[in-house]
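Participant: Each chain is listed here by its residues.
There are 2 protein chains.
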Amino acid sequence: MSKTIVIALGGNALLDPKTNGSVAEQIRIIERSCEKIAQIIARGYRIVITHGNGPQVGNLLIQQEEAKELVPPLPLDVCGAMTQGQLGYLLQQELDEALQALGVRLPVATVITRVAVDSQDPAFRRPTKPIGPFYSERERPALEQKGYILEKVGKGARPWRRVVASPDPKEIIELGAIRALLETGAVVIACGGGGVPVVCEDGNWRGVEAVIDKDLASALLAKELRAEMLLLLTDVERVALHFGSPQEVFLDRLSVSEARGYLLEGHFPPGSMGPKVEAAIRFIESGGECAYITSLEKAVEALEGRAGTEISAIHLGQRIKR
Amino acid sequence: MSKTIVIALGGNALLDPKTNGSVAEQIRIIERSCEKIAQIIARGYRIVITHGNGPQVGNLLIQQEEAKELVPPLPLDVCGAMTQGQLGYLLQQELDEALQALGVRLPVATVITRVAVDSQDPAFRRPTKPIGPFYSERERPALEQKGYILEKVGKGARPWRRVVASPDPKEIIELGAIRALLETGAVVIACGGGGVPVVCEDGNWRGVEAVIDKDLASALLAKELRAEMLLLLTDVERVALHFGSPQEVFLDRLSVSEARGYLLEGHFPPGSMGPKVEAAIRFIESGGECAYITSLEKAVEALEGRAGTEISAIHLGQRIKR
Chain A
4 MSKTIVIALG
14 GNALLDPKTN
24 GSVAEQIRII
34 ERSCEKIAQI
44 IARGYRIVIT
54 HGNGPQVGNL
64 LIQQEEAKEL
74 VPPLPLDVCG
84 AMTQGQLGYL
94 LQQELDEALQ
104 ALGVRLPVAT
114 VITRVAVDSQ
124 DPAFRRPTKP
134 IGPFYSERER
144 PALEQKGYIL
154 EKVGKGARPW
164 RRVVASPDPK
174 EIIELGAIRA
184 LLETGAVVIA
194 CGGGGVPVVC
204 EDGNWRGVEA
214 VIDKDLASAL
224 LAKELRAEML
234 LLLTDVERVA
244 LHFGSPQEVF
254 LDRLSVSEAR
264 GYLLEGHFPP
274 GSMGPKVEAA
284 IRFIESGGEC
294 AYITSLEKAV
304 EALEGRAGTE
314 ISAIHLGQRI
324 KR
Chain B
4 MSKTIVIALG
14 GNALLDPKTN
24 GSVAEQIRII
34 ERSCEKIAQI
44 IARGYRIVIT
54 HGNGPQVGNL
64 LIQQEEAKEL
74 VPPLPLDVCG
84 AMTQGQLGYL
94 LQQELDEALQ
104 ALGVRLPVAT
114 VITRVAVDSQ
124 DPAFRRPTKP
134 IGPFYSERER
144 PALEQKGYIL
154 EKVGKGARPW
164 RRVVASPDPK
174 EIIELGAIRA
184 LLETGAVVIA
194 CGGGGVPVVC
204 EDGNWRGVEA
214 VIDKDLASAL
224 LAKELRAEML
234 LLLTDVERVA
244 LHFGSPQEVF
254 LDRLSVSEAR
264 GYLLEGHFPP
274 GSMGPKVEAA
284 IRFIESGGEC
294 AYITSLEKAV
304 EALEGRAGTE
314 ISAIHLGQRI
324 KR
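Just so you know, the sequences run in chain order A and B. Sequential numbering from 4 applies to the first sequence in this note's numbering. Sequential numbering from 4 applies to the second sequence in this note's numbering.
Don't take each hint at face value.
For chains that are exact copies, the list does not tell them apart, and a pair is met inside one copy or across any two.
Below, in silico cross-link-like pairs of lysine-lysine (DSS-like), each with a Cα-Cα straight-line distance of 27 Å or less [as the list claims (entries may be wrong)]:
| no. | residue 1 | residue 2 |
| --- | --- | --- |
| 1 | Lys173 | Lys226 |
| 2 | Lys21 | Lys149 |
| 3 | Lys6 | Lys21 |
| 4 | Lys6 | Lys173 |
| 5 | Lys71 | Lys155 |
Hint data in this document are derived by calculation from the structure and do not stem from the laboratory. Keep in mind that this is a model prediction, so the values were computed, not measured.
All chains should be built: construct the whole structure from the sequences, respecting the hints.
Facilitator: Spelled out as structure tokens, the structure:
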């Protein structure tokens with residue numbers, strides 16, 4: 004039976020921050036990403052694609068804010084579900100086309116995914132994830148009245164931004180649906196934006212205004228699906244120690260214990276490489292064969308051991324490239 | 004094996020036009036709708052839920068328009084996919100809760116659905132479906148330059164509105180995924196807003212700015228799934244002849260040929276009861292057992308033959324109630 008890979012697409016696989024973010028630009032980037040993913044699919048793997056939604060949900064929140072006198076804004080959980088529909092559809096369209104170009108005929112389906120978090124997660128007491136529009140000092144009191152936690156993240160006239168909690172993913176509610184589709188041979192798109200966060204309240208799921216890290220959600224999904232591999236795609240080809248400094252060292256291969264050590268030493272910043280390394284560690288510790296952190300461009304080579312940073316259970320001796 | 008029902012939810016099952024459309028109001032209406040659907044599910048049927056998205060996509064288009072200086076607006080096909088995510092998520096949440104209250108444990112999954120239409124469909128030459136915000140005379144030239152077809156649908160300062168084509172649904176692209184999930188016992192939410200319309204271009208699917216009638220899409224889905232029943236829910240309990248006039252007659256039961264006759268005589272207006280009767284006819288003609296047109300409140304009774312209008316292949320003698 005073919006091996007299963009969960010591929011987590013970073014924001015740069017969906018939108019180029021240097022462009023205006025028009026749908027034509029989004030489609031151009033997604034098209035390029037899907038060409039790469041199609042090459043992996045064509046090698047016979049079973050694939051689940053997860054993806055970020057930062058810029059998309061940010062845009063949607065700005066639109067909600069701008070039109071708030073005309074249309075009641077929707078909360079963050081609903082906006083997250085909307086971006087799952089948006090990006091799922093765009094990925095389906097482009098992946099269909101890229102697969103067809105390679106002569107591969109496979110259905111591609113998007114499952115709207117809720118991910119349970121613990122309502123007692125300490126992250127709820129210390130929101131850290133900035134989302135949506137920037138606000139002025141003048142707008143601040145009304146927003147705080149509304150229950151928003153604001154943080155001064157910028158300069159100038161609009162320095163304030165809302166921050167929300169980023170709780171740990173505990174359960175993929177739609178796991179059964181994702182597994183069933185995967186078993187029919189479909190390529191499945193799921194856990195978009197890390198999943199819509201829900202907490203259990205009196206035995207029912209209630210949406211919460213939070214953001215789940217998509218790499219950690221992907222690791223949980225990969226574990227639950229008993230996937231063999233987790234491929235975490237980002238904008239650098241390999242994980243580095245002393246990143247951006249003269250001592251910078253890129254890593255080809257890491258054992259879980261090495262990865263954990265470097266993470267504790269603070270080599271991988273939170274909100275960036277940190278969650279990716281943490282996701283890789285969790286996946287391997289839960290029984291996964293191999294996790295890769297690399298760029299979209301090098302994804303195929305990484306699976307063949309020719310690029311990227313490979314994280315696995317067994318210490319195989321580090322080959323360090325400078 | 005249990006019978007399969009495709010349930011098409013009308014807009015009134017998702018949003019009360021008399022309220023402000025806040026998410027709390029939307030959830031209240033969806034909760035009530037899901038309580039009714041859960042009662043049907045609890046009777047042992049296999050269920051696919053389809054739904055409209057008119058007010059939701061209208062709101063999203065207004066938000067896109069209001070923020071257009073800050074965020075590039077997304078085209079109608081992408082907005083449609085977003086409302087599938089939005090309403091799919093809200094329906095999943097409320098249906099989970101309603102099923103749990105009845106002691107029924109079934110997964111509920113939403114599939115983002117594309118529906119193919121013919122690029123040569125005559126509807127493209129004569130757009131009729133009004134969507135999104137109202138515009139002033141002053142805004143008209145720029146919009147027409149953009150390729151929008153505008154129609155004067157209102158009075159006052161903003162009488163213009165965009166109209167798009169409503170082409171006939173030809174193929175449910177995600178049929179395989181919907182069927183696979185249904186076979187695992189899940190309740191499936193699909194074809195939201197009639198599906199995202201796509202046309203075939205050089206062998207690939209391209210999204211188009213159109214709106215597919217959700218009842219006709221539901222009839223196609225019911226046919227392809229070989230569902231036994233199609234339940235079309237709206238805001239009246241039964242189909243009427245001479246609706247709203249002193250000669251008004253409500254119908255309990257209709258054969259396909261009677262329904263076709265009344266449709267041709269113009270009893271059922273386009274954009275309202277017309278597509279529902281047409282959907283029922285198509286479903287029965289394609290081999291379906293029974294189609295019902297009724298209100299959400301009477302849905303359970305309709306399936307038991309105690310309410311609603313039943314349309315079937317065989318002429319059973321009309322019982323007319325005044």
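Participant: Where does the structure disagree with the numbered hints, that is, which hint numbers, in rising order?
Facilitator: Violated hint (a single one): 3; every other hint is consistent with the structure.
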